[in-house]
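**Q** Given chain C's structure and the hints, the job is docking chain E onto it.
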Amino acid sequence: MEEKAEQVYEILQDYHCDYPDTSYEMSAQHILKWAEQFGEDADFVLSEFLHFLPQIYVSKARAAKALKNRLVNFQEFYGYHSMAEFVLNTHFIDVQRNEKSQKEILIVIKSILQDDFGVDYDQFADQPKKHFIYFDDILATGGTIFRDLHHWLCENFEAFVKKEKTIALSLFCYHELGYGNMKWMLIQNPELKSLFNEHSVSAGIIEKELLTRTNYVIENQAKWNNQKLNCAFPIADQSKEVLQYLANFSENPGKAQVFRVPNTPVQEQFFSSADNRNRLEKIFTEKGLELLKKVNSQDIDQAKRPLGYTVRSHKTLGTGTLFFTWRNISNTCPLVFWWDVPGHQWTPLFCLKNRGI
Amino acid sequence: MKISERIYNSSEVIAFRSTKEEFGGLSNMAPGYILRVNDVIIPSAEALYQACRYPLFPDIQQEIISQNSPMTAKMISRKYLSHSRQDWEEIKYTIMYWVLQVKLSQNFDNFSHVLKKTADIPIVELSTKDKDWAVIAENKNTLKGKNALGRLLMKLRSEFILENNDIDCVSPPAIYGFMLYGSDIETVCNPELELAHSLLFDLDSK
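Those protein sequences? They're chains C and E, same order as listed.
Numbered according to my numbering, the first sequence spans residues 8 to 364.
Numbered according to my numbering, the second sequence spans residues 16 to 221.
Keep in mind the hints are simulated off the structure, nothing from the lab.
Hints may contain errors.
[As the list claims (entries may be wrong)] Using 27 Å as the maximum straight-line C-alpha spacing, the simulated BS3-like pairs for lysine-lysine come out as follows:
1. C:Lys-200 - E:Lys-35
2. E:Lys-155 - E:Lys-89
3. E:Lys-89 - C:Lys-117
4. E:Lys-146 - C:Lys-215
5. E:Lys-132 - C:Lys-170
6. E:Lys-94 - C:Lys-200
7. E:Lys-94 - E:Lys-144
8. C:Lys-215 - C:Lys-247
9. C:Lys-169 - E:Lys-35
10. C:Lys-215 - E:Lys-144
11. C:Lys-200 - E:Lys-144
[Said to hold, decoys possible] According to the in silico footprint, chain E covers these stretches of chain C (three or more CB under 8 Å from chain E):
12. 69-76
13. 145-152
14. 184-190
15. 210-217
Just so it is clear, CB atoms sit at the ideal spot from N, CA and C, and this is done for glycine as well.
Looking at chain C on its own, in the form it has when it is part of the complex (with noise of 0.2 Å):
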């Protein structure tokens, strides 16, 4: 156990919380603190967690190399020489509040672009720009880059047409799921259908023209074939508990698939072998639906699940989320990694940074 907490303490070594009053600093320590509370199965949770953690924990360091390859990816798609030539002409996104992930990507960025490249971004600020980039981490349910990228569409939409102005999309994580959902709204959002007929263009002008880049995805597409469901969706084969937990939720035809199809992904790509899968999910699931439970409150937030947060009109056990940066951790993963509430006794592996907020 202890050698496996070091394992993981090596690579989340920079998960950074500036939750002020946080008593959870990352340690192997304090990781062997938290698999113990999964009791018997705790070498077990530890042994799988490592199987799959470096894959899915973008570190500071691999961000920022991440992030300097996708300003040389876009500078040479928009066919600029320089990279000061295509500063000059990109204007990175910055609407998120100060809490959020995007600030502290654009910081980094920054950073890159002055200490890699010589170029001060602020210093072209002001010019005319044709390039407009959103940086996030992650694409989760798709619901805040919808929001902003249909405000960026209905403000910039002829510039758009004409292309005068482009908008990409870049983040290290989307979920397929997610992703789909925010494509689809920005097809069908009325307001767009207004500005496709004005100009007389065809909606497919988001499909072609929203560029997208991204280190990583969350095949989560349970209805499609060969999704590699790098995430956790556990089987119908569950508690008791569980099942009558889920029975309260009404049904959602059409939407979204309550329990992953038993010997799906056909070959297991991301745990390490399928039983093992369906025995860290069942843990997992049971932990959070304990930790739910432990809520003093008949009015519980119905986005609140135990594999984490997901739309309030889904009937599954939560989005499921397995990837973490070095910034904080998405509410949308299991509750077992992150639930921090005084009195539940329960110390999460990564503290929250703003609370969820």
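**A** Just chain E now, with coordinates in the frame of chain C:
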């Protein structure tokens, strides 16, 4: 669904051939009528129809659907005709009618507008060689063919435009093995309903 050959007087019909014409929106090749079935965004009615040929071959379906151009989707489909479901000829009109209903449900404003403009005049698709889905000019005044697409469009117009029936949701036809990407095709709904009931998303992800 059986459709037999008919003769039309060319002066008494609304005919479409190109998607750029006034009634081009009636064509399955028309751009801008984007569909979504089983969470898969599909760029045209033609791509959806062609994908339905290959329920046992999700990779072929994906290759068809990933084409932005409906004509290219059709060409890709032609490469794999030997993989078509064996009952295709028997069910293709039923599937096409379902595709047209999905197109109307998910693009109601634009598609109903074109259909309304046809009033109750016969609709025909013009072709130089396809007497099955379209009609061919026999002479200056006469068009001949099964005109299957035109007739299905007239059926759609009658059922949902003239009689004003609700088309918010479209159930799949009762066809065995009606699948997309390995899953049974589900009921498809008007996206405005999804938006109104927050079925897709309702929270700010972190």
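**Q** Run every hint past the structure and note whether it holds.
**A** Comparing the hints with the structure gives:
1. A C-alpha spacing of about 19 Å is found between C:Lys-200 and E:Lys-35, which places the hinted pair at or below 27 Å, so the restraint holds.
2. At most 27 Å may separate the alpha-carbon atoms for a hinted pair to count; E:Lys-155 and E:Lys-89 exceed this at roughly 30 Å.
3. Taken as a hint, the E:Lys-89 and C:Lys-117 pair is broken in the structure, with Cα atoms around 47 Å apart against an allowance of 27 Å.
4. Restraint check for E:Lys-146 and C:Lys-215: the C-alpha separation of about 34 Å exceeds 27 Å, so the hint is violated.
5. Restraint check for E:Lys-132 and C:Lys-170: not satisfied, since their Cα atoms lie roughly 33 Å apart, outside the 27 Å limit.
6. Between the alpha carbons of E:Lys-94 and C:Lys-200 the distance comes to roughly 35 Å, so the proposed pair goes past 27 Å and is violated.
7. Pair hint E:Lys-94 plus E:Lys-144 holds up; C-alpha atoms about 20 Å apart against a cutoff of 27 Å.
8. With a C-alpha separation of about 47 Å, the suggested pair C:Lys-215 and C:Lys-247 falls outside the 27 Å cut-off, and the hint is violated.
9. Taken as a hint, the C:Lys-169 and E:Lys-35 pair is honoured in the structure, with Cα atoms around 20 Å apart against an allowance of 27 Å.
10. Under the criterion of a C-alpha separation no larger than 27 Å, the hint pairing C:Lys-215 with E:Lys-144 is inconsistent with the structure, at around 32 Å.
11. The suggested pairing of C:Lys-200 with E:Lys-144 is violated, with an alpha-carbon distance near 36 Å, which exceeds 27 Å.
12. A count of 0 residues in the segment 69-76 of chain C with a Cβ less than 8 Å from any Cβ of chain E is obtained; the coverage claim is therefore unmet, three being the minimum.
13. Figure legend: the segment 145-152 of chain C, annotated as covered by chain E; annotation consistent (7 residues with Cβ-Cβ distances under 8 Å, at least 3 required).
14. Proximity of the segment 184-190 of chain C to chain E, defined as three or more residues with a beta carbon under 8 Å from a beta carbon of that chain, is established by the 6 residues found.
15. With 4 residues having a beta carbon nearer than 8 Å to a beta carbon of chain E, the segment 210-217 of chain C meets the requirement of three or more and the stated coverage holds.
In this structure, the earlier hints numbered 2, 3, 4, 5, 6, 8, 10, 11 and 12 are contradicted, and the remaining ones agree with it.
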